[in-house]
Amino acid sequence: MSACALVLTIALSVIVRASAAPLTAIGEGMRAPGARRVAFSNGAPAARASSLAYVASGDVLRSIALGAAPELNTIADVSDVGPCESVFAYESGKRGLGDDARTRLAVTCARANAFLIYAVRADGKSAERLFALTGVNRIARPRDVVVVNDTLAFVASGTHARVVALKLDPSEKAEPSLLASTFQLSGADALELGPSSRQTIRVLSGGVRRVTTLKYTPAGTLQLVGSVKDSRLQGTSGSCVGVGSSERTFTYIVSPVYGGTFAIFNSTQYGAPEYLSGIHADGKNLGFAESPGIYEELRDAKDVSVHENDAYISAKSIGAILVVDITNPSEPVMREKLQSASLVGVDRIVVSPNGAFVVAVVNATSDDGASVVIATSDDAVIDKIPKRRKLFQL
Numbered sequence: 009m010s011a012c013a014l015v016l017t018i019a020l021s022v023i024v025r026a027s028a029a030p031l032t033a034i035g036e037g038m039r040a041p042g043a044r045r046v047a048f049s050n051g052a053p054a055a056r057a058s059s060l061a062y063v064a065s066g067d068v069l070r071s072i073a074l075g076a077a078p079e080l081n082t083i084a085d086v087s088d089v090g091p092c093e094s095v096f097a098y099e100s101g102k103r104g105l106g107d108d109a110r111t112r113l114a115v116t117c118a119r120a121n122a123f124l125i126y127a128v129r130a131d132g133k134s135a136e137r138l139f140a141l142t143g144v145n146r147i148a149r150p151r152d153v154v155v156v157n158d159t160l161a162f163v164a165s166g167t168h169a170r171v172v173a174l175k176l177d178p179s180e181k182a183e184p185s186l187l188a189s190t191f192q193l194s195g196a197d198a199l200e201l202g203p204s205s206r207q208t209i210r211v212l213s214g215g216v217r218r219v220t221t222l223k224y225t226p227a228g229t230l231q232l233v234g235s236v237k238d239s240r241l242q243g244t245s246g247s248c249v250g251v252g253s254s255e256r257t258f259t260y261i262v263s264p265v266y267g268g269t270f271a272i273f274n275s276t277q278y279g280a281p282e283y284l285s286g287i288h289a290d291g292k293n294l295g296f297a298e299s300p301g302i303y304e305e306l307r308d309a310k311d312v313s314v315h316e317n318d319a320y321i322s323a324k325s326i327g328a329i330l331v332v333d334i335t336n337p338s339e340p341v342m343r344e345k346l347q348s349a350s351l352v353g354v355d356r357i358v359v360s361p362n363g364a365f366v367v368a369v370v371n372a373t374s375d376d377g378a379s380v381v382i383a384t385s386d387d388a389v390i391d392k393i394p395k396r397r398k399l400f401q402l
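Quick note: the sequence shown uses this note's numbering, first residue 9, plus one each step.
Careful, some of the hints might be misleading.
[Stated by the list, open to error] Below, computed lysine to aspartate or glutamate pairings styled on EDC-like, alpha-carbon distance capped at 16 Å:
(1) Lys181 <-> Asp158
(2) Lys133 <-> Glu79
(3) Lys175 <-> Asp158
(4) Lys345 <-> Glu305
(5) Lys345 <-> Asp333
(6) Lys102 <-> Glu183
(7) Lys237 <-> Glu282
(8) Lys345 <-> Asp308
Because the hints were derived from the structure by calculation, they are not lab data.
Take the sequences, apply the hints, and build the full model.
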C-alpha cells in the first residue's frame, strides 16, 4: 500500500459553468506498474461510486481511495492468469465481504483468455476471487468487458472480432457460463453501455473504423441495430458514453486522424450511430465544414471521459488534461487545459460519477513505468497557490 497527499500545483480563474466544478488541483504520480484501465462502479449512487476507483494493473488489481489524501492499494493478485488488461466495476444485488460490500469487478486477461469476477470489501482495500474462467477460446484475446444488471456480461474478443455473451448468476452460487449468443463483427476493440431503457451496447473498432450498436435481450441474445463506418474512427484510442446525468445517447471518441481528433457520434435515434461533430489538431486543406475547430493541443490525444457537459481528454505529449465544453454537442468548444509534469505521457483518463475527480494513467503502455495521477476540484485552494493554469480565450 502507498499513500500520496495531493500536491496542489495548479489553480484557475473561476469560470461560471452549468456543469461540474472545474479542476483546481493535481496530485503527484503514484507508481502503479502495469496499469492499463481504470473503472468506477457502475450502478452505485454517485457519491459512493466516486469514493473508489479500480485499476487493472498487470499481475494485480488495485483500488484508489479518493479524497484529500488518495491511497493506492493492491487488492488482489492475478499473476496466475495475468497480465489483466480490462476491468468493469458494477453493483451486485448480493452482499459480499460484509454488509455493504456489493461492488464486483469483472476482469479479463488476454494471455490466459480469462474472465474473472471479484468481490471487493466495503473499505476497498481487498478483494476475493469468486469465479474464474480460463483458457476460453471463444473470448480469445479479450479486449474489453461490460456487465448488465449483474445477470449478463459481454466480452469483446480481439482474435475473433466478435462480442460474446455470458450468463451471470445474481445469487453467485453458479459460475458464469458462456451463452450460445455471439455477434460476429469486422473488429471489436472496446465496449460501451447504451441507455438501459434500450438494452443496447456499442462496439468500437479503430482498425476497421466502425461504431456498431447491438441490442441484447434478457436472455443475452444479440441483434444488430445499426453500424457506421467513418474515417475519423481510424486508430481510435479512447471512447466513452458519459457518466453522471448523461443519457448515453452519444459516443465520444479520440483518434489520431487529422493530427488528433475528438469526435461525437449521435445515437439519439434508434438506429446506426451518426457522426455529429468534431474538433481537430490539424485543419489545413480540410475546409471549415470538416474542421471548424482547430486546437493544436489535441495532437497525440489518447483518451476521453465525459461527465455531464464536460469532456476530459488526455493529451499525452504535452502532459495535459483538456476540457471540452459539449453543452451543445453539435459545437464542441475547447475551454481549458490542466497541464503538469506529472501528466507527461498520460494515456488513460476516467472522470468519477460525481465529476469531482479525474483519474489519469500515465505511461500505460509501459510495463514498469506506469503511474496514476489524480486531479480534483477543490475550490478551497484557489486563493492559496499561484495561478498557473492556462485558460483558452474564446
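Going through the hints against the structure:
{"no.": "1", "hint": "Lys181 <-> Asp158", "in the structure": "holds (13 Å)"}
{"no.": "2", "hint": "Lys133 <-> Glu79", "in the structure": "holds (10 Å)"}
{"no.": "3", "hint": "Lys175 <-> Asp158", "in the structure": "holds (9 Å)"}
{"no.": "4", "hint": "Lys345 <-> Glu305", "in the structure": "holds (9 Å)"}
{"no.": "5", "hint": "Lys345 <-> Asp333", "in the structure": "holds (12 Å)"}
{"no.": "6", "hint": "Lys102 <-> Glu183", "in the structure": "holds (15 Å)"}
{"no.": "7", "hint": "Lys237 <-> Glu282", "in the structure": "holds (9 Å)"}
{"no.": "8", "hint": "Lys345 <-> Asp308", "in the structure": "holds (15 Å)"}
Hint check: no violations occur; every hint is consistent with the structure.
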